[in-house]
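J.: Work out the full structure, taking the sequences as your base and the hints as a guide.
Residue numbers (the working numbering): -16 to 179.
Take the hints with a grain of salt, since some may be wrong.
Below, in silico cross-link-like pairs of lysine-lysine (DSS-like), each with a Cα-Cα straight-line distance of 25 Å or less [claimed, not checked]: (1) 26 with 125; (2) 12 with 26; (3) 87 with 125; (4) -5 with 38; (5) 87 with 118; (6) 118 with 89; (7) 38 with 26; (8) 87 with 132; (9) 26 with -5; (10) 38 with 132.
Distance ranges between label pairs, derived from CB positions [as the list claims (entries may be wrong)]: (11) 103 with -3: 38 to 46 Å; (12) 130 with 103: 21 to 29 Å; (13) 86 with -3: 28 to 36 Å; (14) 109 with -3: 46 to 54 Å; (15) 98 with 127: 35 to 43 Å.
It is worth saying that the hints were derived from the structure and are not from the lab. By construction, the Cβ of each residue, glycine as well, lies at the ideal position given by its N, Cα and C atoms.
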Amino acid sequence: MENMVYAEELVKEFLVFRGFTNTLQAFVKELGTDIGKGFQVDKILDLVFSIYIPKFQAENLIQLLRFFSNCFSSHETHLISVISELDISIIRYYIIHAIQAGRKDKVIELFDIHGTELLQKDQHWASWFAIPYIKAPQSEPKFRVYFSKEWSNALHLSLRNFLTKMFNGTHILNYIFSHFISSCYHLNILAFNHAN
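T.: Put into C-alpha cells, the structure is as follows:
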C-alpha cells in the first residue's frame, strides 16, 4: 500500500513540475473515484462480496474483474491462469448467490450479456447455462461443492491472499509505471502537435 501512495506522490510531483495543473486536478479528482479502491484489499473484498454480488451488480463486477486482469496480466504472463481461475470462481460465486437468493433472473441476465464471452474463455461454462433451470442445483454433483460454506470461505481467502500479494509487490507499480510512461508520451505528442 505504501508503494501506491509513493507512486501517486511521484505522479503529482511530476505534474506540478511540468505545470500540468489541470491534469493534476483531474488526477486528484479521479483518485477519489478509483475503481481499484486505492488497492486496499479489505475495500476491494467489501466491494465484491458486500456490494456487487449481494446487490446483483454483475456489470460492475465484470468491469472490476477486467480491470484487475489488465493490471496483473500485462507484465506477468505466469499470472494469467491464476487470474482466470479467480475470475471464474468469483462469477460462479455470483451465480450461486443469485440462485440461493431466488434470483434466477439475474443468472439468466448475466448469461444473456456475457455468456458468449464466458464460453470463449472456458468451455466448462456450458454446463452452467443450465443452472437456472435446474430445480435443486445444490443437490447436483456438478454444482454441490459451489453451494458449500467451505468453498465460499476458500474463495474469500484465495482472493484476499492474491490481492495482498499483488498489492504489496511491485506488480502494480510496473502497471502504473507503464501507463504513466504511456501517458507522458501521449502528452509529449500532444504538446509537439500543438507547437507545430
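J.: When the structure is checked against the list of hints, which entries are broken? Sort them ascending.
T.: 1, 4, 13, 15
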